[in-house]
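Novice: Listed below, chain by chain, are the residues.
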Amino acid sequence: MKTPPDGTVFIVDDDDDFRASMQWLLESDGLRVTSFNSAQAFLDTYDGSPGCMLLDVRMPDISGLALQQMLLDKGIALPIIVLSGHGDIPMAVTAIKSGAMDFLEKPFDDALLLHRVRLGLRRACKLQQQKRQQEQTRSLYDSLSRREKEVMALVVTGRANREIAEDLGISPKTVEVHRSRVMSKMKAASLPELVTLAATLNS
Amino acid sequence: MAMTQKITAAQHDTLLAELDEARREAERYRLLVEQSTDMISRHTPTPEWTYVDVSPAVEGLLGYKPSEIIGTPGYDLFHPDDADNLVKRAESVSYRGGLYTNVYRYRHRDGHYLWLETTSRTIRDDSGEPVEIICVSRDVTQREQAQRATRRLARVVESSSDMIMFCSPDTLALTYLNEAASITLSSGPNGTIALNLRELFDEHTCNSLLHDGLEHAALHGCWYGSIPLQLPPGRDSRIAEVREIIAHRNPDDNRRVEYYSIIGRDITHKRRAEDAARRQQLELAHMSRLLSVGEMATGLAHEINQPLAAILNYCRGTLRRAEDGRDLSLAQALQAMQLIAGQARRAAEIIKRIRSYVKRTEYQRSTFSINDSCQDVTGFLRQEARDNQIEFHFDLDPTDPELTADRIQVEQVLLNLIRNAIEAYNDCEQGRRTVTIGSRCVEGSIEVAISDCARGVSAEALSQLFDAFFTSKPSGLGMGLAISRTIIESHGGQLWAQSDGHSGTVFRFRLPVARQPDQ
Chain A
1 MKTPPDGTVF IVDDDDDFRA SMQWLLESDG LRVTSFNSAQ AFLDTYDGSP
51 GCMLLDVRMP DISGLALQQM LLDKGIALPI IVLSGHGDIP MAVTAIKSGA
101 MDFLEKPFDD ALLLHRVRLG LRRACKLQQQ KRQQEQTRSL YDSLSRREKE
151 VMALVVTGRA NREIAEDLGI SPKTVEVHRS RVMSKMKAAS LPELVTLAAT
201 LNS
Chain B
1 MAMTQKITAA QHDTLLAELD EARREAERYR LLVEQSTDMI SRHTPTPEWT
51 YVDVSPAVEG LLGYKPSEII GTPGYDLFHP DDADNLVKRA ESVSYRGGLY
101 TNVYRYRHRD GHYLWLETTS RTIRDDSGEP VEIICVSRDV TQREQAQRAT
151 RRLARVVESS SDMIMFCSPD TLALTYLNEA ASITLSSGPN GTIALNLREL
201 FDEHTCNSLL HDGLEHAALH GCWYGSIPLQ LPPGRDSRIA EVREIIAHRN
251 PDDNRRVEYY SIIGRDITHK RRAEDAARRQ QLELAHMSRL LSVGEMATGL
301 AHEINQPLAA ILNYCRGTLR RAEDGRDLSL AQALQAMQLI AGQARRAAEI
351 IKRIRSYVKR TEYQRSTFSI NDSCQDVTGF LRQEARDNQI EFHFDLDPTD
401 PELTADRIQV EQVLLNLIRN AIEAYNDCEQ GRRTVTIGSR CVEGSIEVAI
451 SDCARGVSAE ALSQLFDAFF TSKPSGLGMG LAISRTIIES HGGQLWAQSD
501 GHSGTVFRFR LPVARQPDQ
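Chains A and B, in that order, are what the protein sequence lines are. Each residue of the first sequence is one higher than the one before, counting from 1 in our numbering. Each residue of the second sequence is one higher than the one before, counting from 1 in our numbering.
Simulated from the structure, these hints should not be mistaken for laboratory data. We put the CB at the ideal spot given by N, CA and C, even for glycine. Be careful, since some hints might not be right.
To be verified - If you want a taste of the chain A side facing chain B, the calculated C-beta under 7 Å gives, among others:
1. 15
2. 17
3. 21
4. 22
5. 25
6. 58
7. 60
8. 106
9. 107
Just chain A, with the same shape it has in the complex:
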């Protein structure tokens, strides 16, 4: 038996029978499943925990595609597998363009679905890690003083200490001190590492 992956599968579908059957299938693979009968129900209760979403395109009130857009707007990054009753090419294109991981037509091959779901959960895991890392970096960055932040911004653009001293109107010696503090506070071992961290902050 496989080890259950981290993360939850979120099913959003207004068809009660279908939702129940999905849960039955996914749970047979040892997955953790939470289901919602509408986009609104999901929005109301989602707590930001990691997972992968199985989303029905056709739903009353808020359609699958609309929910996808709302999640993008809210910055909720969940890998989404869009499900449709029949191959609706324009809809599939829209969904994929908006960042959906996949588009599956009902009824689908269970092995394929489960494979994709696991893929989605792994991606969710990675996203979760990235997010955690970003938060960590953010808190490190927040511990820098105003001057240190200024120095860091210039350092990651590749400028030499002397140039930075000129720009900020301080002595190169002082720049050197700020720079070593930035490196230790941001827990960066090298300049490339600091550049990567800075990039994370901006994403």
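Once you've looked at the hints, dock chain B against the given chain A.
Specialist: Relative to the frame of chain A, chain B by itself:
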């Protein structure tokens, strides 16, 4: 010879008295002749038929004074068609005991013709040679015209397209059939014609409808209605019915019925045309159902896909549990089976609904709840409504009225109207998209209203809405509303639309609750 012999005075007196008597007698005959309204005339036995003498009645009859006409040829005054009646032994000539009677047209001095009836005798000499012809003529114009009118009436009866039969009151034997009746009644395989009214009906009809009809006519003079005839089935089997019975009663004999006139109508052609029209309408309705199912195919496919996908999920989910060797309890497996069965039923239900909808059916009347039909049809359109974010609202009559009609056809109209209402929102940015389906009982009718709150229909479009091939949809054929109206009207109802042109449209139809007799 007697005159040369001597006679006695007594004999002389007697002779004088006889002569006197003869004179008086002659005078009486003369008076008789002169005062008779009949015209008495003498003619030469020649083809010219020249007047030798004529009584004064000639003036009243023909407008001539005797002096004007004596010596002129009588032949010239005959109507050209009647001049040679005697020679031709025409129908109007009869002969009895040396007397010919002839009825003919004869010209008046004014130029118009009158009908004369003339009795003539040819006076012959000892050798048998004709000497002269004596005629007595009278004006029979009025009588002749009356007879001609009667003959015309008889012809009207004979050639009427209605079936007309005379029938004796006690035996019900048929004494006369006009041409139309003969043709219709002899349409059986062997061409025999019924001789008795009873043979035209089945026994039950005879004893009920026909009996009552005759009785009513005997009492009131006539009876109107419709009694179907039972004609022998054959290659050219006809459909006919009795519509009227007239009892001809004798006023002098206690108003006893002398005979009945039975008037009927052969409705074969009418019935066939109606049947053809009905078949055509069924065909058209069927076509339109096929078309609308075609148009709804996407939604219907989705509807069927849902339970199929669910079944697959339950199956694979159960198999996986078993394959993995995890504990799959019997209870769990059974539960999955039950869920699968439920989904299979759901799919079958959808298919059944589609099949019964597209089935080619004969016109079938049944009694059903109009509210149920409204609900069923919206079930059919669930997917389409979901795709278009439509919400159905029901405003149904709480008494749950029942309707007697062809259920499939009525639901076809409902489906059509509701789909139209959904499509009305197509080019319309509107948050609340509702389609309201209402039913209510109004004075022996059921009225159904389908309303939308889309942009409405312009007055101009409203007037064309029910024309065939009128459509506002890019993919529509424009037959839906035309067919819907035909269906409703063939059920004795009406279908119409109302719109203010900007905030919505209401389609209403009204159908009689009670069963309408078939026409």
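Novice: Look at each hint and say if it fits the structure.
Specialist: Hints, one by one, checked against the model:
1. 15: Interface hint status for residue 15 of chain A: holds (5 Å vs cutoff 7 Å).
2. 17: holds (5 Å)
3. 21: Hint holds; residue 21 of chain A Cβ to chain B Cβ min 4 Å, cut 7 Å.
4. 22: holds (6 Å)
5. 25: Hint on residue 25 of chain A: holds, closest Cβ of chain B at ~4 Å, below 7 Å.
6. 58: holds (6 Å)
7. 60: With Cβ-Cβ at 5 Å, under 7 Å, it holds.
8. 106: holds (4 Å)
9. 107: Holds - the Cβ of residue 107 of chain A comes within 7 Å of chain B, reaching about 4 Å at its closest.
Every hint, counting from the list given before, is met by this structure.
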